[in-house]
Amino acid sequence: MKSKISSQPGRIIPILVLTNIALLFLTSCSNIRLVSDYDDITDKKVTELQDKFARHFVKLERAIGTSEADYSHFIEFYDAAKSELRTLRVRANAIDKNTIVTEQLDLLEKNVSDLEELHKMGFSTTAEIIPLKSAFELSFTAIIKFQMGLKRGKG
Amino acid sequence: MELNTKKITADMLNAAKTVLKKHWKETKPYAEQQFKTFAQNIQLIASLKLRGEITEEKAKLHLNIQRNSIQIVLLTIEGLGLLAVEEAINAAIDVVKGTVNTAIGWNLL
Numbered sequence: 001m002k003s004k005i006s007s008q009p010g011r012i013i014p015i016l017v018l019t020n021i022a023l024l025f026l027t028s029c030s031n032i033r034l035v036s037d038y039d040d041i042t043d044k045k046v047t048e049l050q051d052k053f054a055r056h057f058v059k060l061e062r063a064i065g066t067s068e069a070d071y072s073h074f075i076e077f078y079d080a081a082k083s084e085l086r087t088l089r090v091r092a093n094a095i096d097k098n099t100i101v102t103e104q105l106d107l108l109e110k111n112v113s114d115l116e117e118l119h120k121m122g123f124s125t126t127a128e129i130i131p132l133k134s135a136f137e138l139s140f141t142a143i144i145k146f147q148m149g150l151k152r153g154k155g
Numbered sequence: 001m002e003l004n005t006k007k008i009t010a011d012m013l014n015a016a017k018t019v020l021k022k023h024w025k026e027t028k029p030y031a032e033q034q035f036k037t038f039a040q041n042i043q044l045i046a047s048l049k050l051r052g053e054i055t056e057e058k059a060k061l062h063l064n065i066q067r068n069s070i071q072i073v074l075l076t077i078e079g080l081g082l083l084a085v086e087e088a089i090n091a092a093i094d095v096v097k098g099t100v101n102t103a104i105g106w107n108l109l
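Which chain is which? The protein sequence lines are A and B, in order.
With the working numbering applied, the first sequence corresponds to residues 1 to 155, in that order.
With the working numbering applied, the second sequence corresponds to residues 1 to 109, in that order.
In short, the hints are calculated from the structure, not lab data.
Treat the hints loosely; a few may be bogus.
[What the hints assert, rightly or not] Calculated pairs, DSS-like style, for lysine-lysine (alpha carbon to alpha carbon, straight line, at most 27 Å):
| no. | chain 1 | residue 1 | chain 2 | residue 2 |
| --- | --- | --- | --- | --- |
| 1 | B | Lys97 | A | Lys97 |
| 2 | B | Lys28 | A | Lys133 |
| 3 | A | Lys45 | A | Lys82 |
| 4 | B | Lys97 | A | Lys133 |
| 5 | A | Lys82 | B | Lys97 |
| 6 | A | Lys97 | B | Lys7 |
| 7 | B | Lys60 | A | Lys82 |
| 8 | A | Lys59 | B | Lys58 |
| 9 | B | Lys49 | A | Lys120 |
| 10 | A | Lys44 | A | Lys151 |
| 11 | B | Lys60 | B | Lys49 |
| 12 | A | Lys145 | A | Lys110 |
| 13 | A | Lys52 | B | Lys97 |
| 14 | B | Lys97 | A | Lys110 |
| 15 | A | Lys145 | B | Lys97 |
| 16 | B | Lys28 | A | Lys82 |
| 17 | A | Lys151 | A | Lys59 |
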């Protein structure tokens, strides 16, 4: 007695092909990634930068009202911060599906440039530092929060 | 054993719904807090300008910084949302995997 399969070869082949395609799709989809994987170096460097900016604002607040607050005393800080951000941006750009992080770093870079422009004009009151410090804290917290999210529950 | 497509669809939808709900609860308080800080900063800048402590040129730079900062926050919210969707898709695929493996009687997926 012939089996059903051998008696219907024309019908069974398309079914097997479709099943294989479906299984291949499901297997390839078993670990979907819509955004980049967690990058330890980005996380560490952003956290280090956050610390440098926190120190920068403390130093600036203490110096306001004296010549120590002049932009000329902070050129080195701005140069280093911009250089570190550029390096981070290049790294972020090299990571797949990392558009969110690269956009965040672009915006942070713009903020550093605007902060530098403000500093060149001079700070006459500590009240001016409050919204700046807060904006940078907001930015760094957001970037670090997203980095923590990228760990995807891996601790 | 036949695959019950209706049950698979329902299970996938349930898995996705549960994950998305869970993440919205986490995201909402964060978003609320950041928007509140942003509004307070804008108010401070307006006060500095009104009191004549900063020029219009400086006020514009201050506002640029605030606008960029809230954009960074919004990008994080967008990213966390994408991560939630990603988790939902993977949870749904896991449901399909389980059902397919049970249906065929061995771990194919």
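Structure-based check of all given hints:
1. For the hint linking B:Lys97 to A:Lys97, the alpha-carbon distance of about 26 Å falls within 27 Å, and the restraint holds.
2. Proximity of B:Lys28 to A:Lys133 is assessed by CA-CA distance (about 24 Å); at most 27 Å being required, the pair is judged to hold.
3. Simply put, A:Lys45 and A:Lys82 have alpha-carbon atoms about 13 Å apart, close enough for the 27 Å limit, and the pair holds.
4. For the hint pairing B:Lys97 with A:Lys133, the CA-to-CA distance comes to about 49 Å; that exceeds 27 Å, so the pair is violated.
5. In summary, the hint linking A:Lys82 to B:Lys97 is not supported, as the alpha carbons are separated by about 48 Å, beyond the 27 Å threshold.
6. As the CA atoms of A:Lys97 and B:Lys7 are separated by approximately 33 Å, the hinted pair breaks the 27 Å bound.
7. With a C-alpha separation of about 21 Å, the suggested pairing of B:Lys60 with A:Lys82 holds against the 27 Å cut-off.
8. At roughly 21 Å between alpha-carbon atoms, A:Lys59 and B:Lys58 fall within 27 Å of each other, so this suggested pair holds.
9. For the proposed pair B:Lys49 and A:Lys120, the alpha carbon gap of about 18 Å is at most 27 Å, so the pair holds.
10. Between A:Lys44 and A:Lys151, the direct Cα distance comes to roughly 13 Å. Compliance with the 27 Å bound is thereby established for this hinted pair.
11. Between B:Lys60 and B:Lys49 the CA atoms are separated by roughly 10 Å; this keeps the pair inside 27 Å, and the hint holds.
12. A C-alpha spacing of about 20 Å is found between A:Lys145 and A:Lys110, which places the hinted pair at or below 27 Å, so the restraint holds.
13. Our distance criterion of 27 Å between C-alpha atoms is broken by A:Lys52 and B:Lys97, whose separation comes to about 48 Å.
14. As the CA atoms of B:Lys97 and A:Lys110 are separated by approximately 46 Å, the hinted pair breaks the 27 Å bound.
15. This hinted pair does not check out: A:Lys145 and B:Lys97 have alpha carbons roughly 32 Å apart, beyond 27 Å.
16. Note on B:Lys28 and A:Lys82: the hinted pairing is violated, with a Cα-Cα distance of about 32 Å set against a maximum of 27 Å.
17. Straight-line distance between C-alpha atoms of A:Lys151 and A:Lys59 comes to about 34 Å, which puts the hinted pair past the 27 Å bound.
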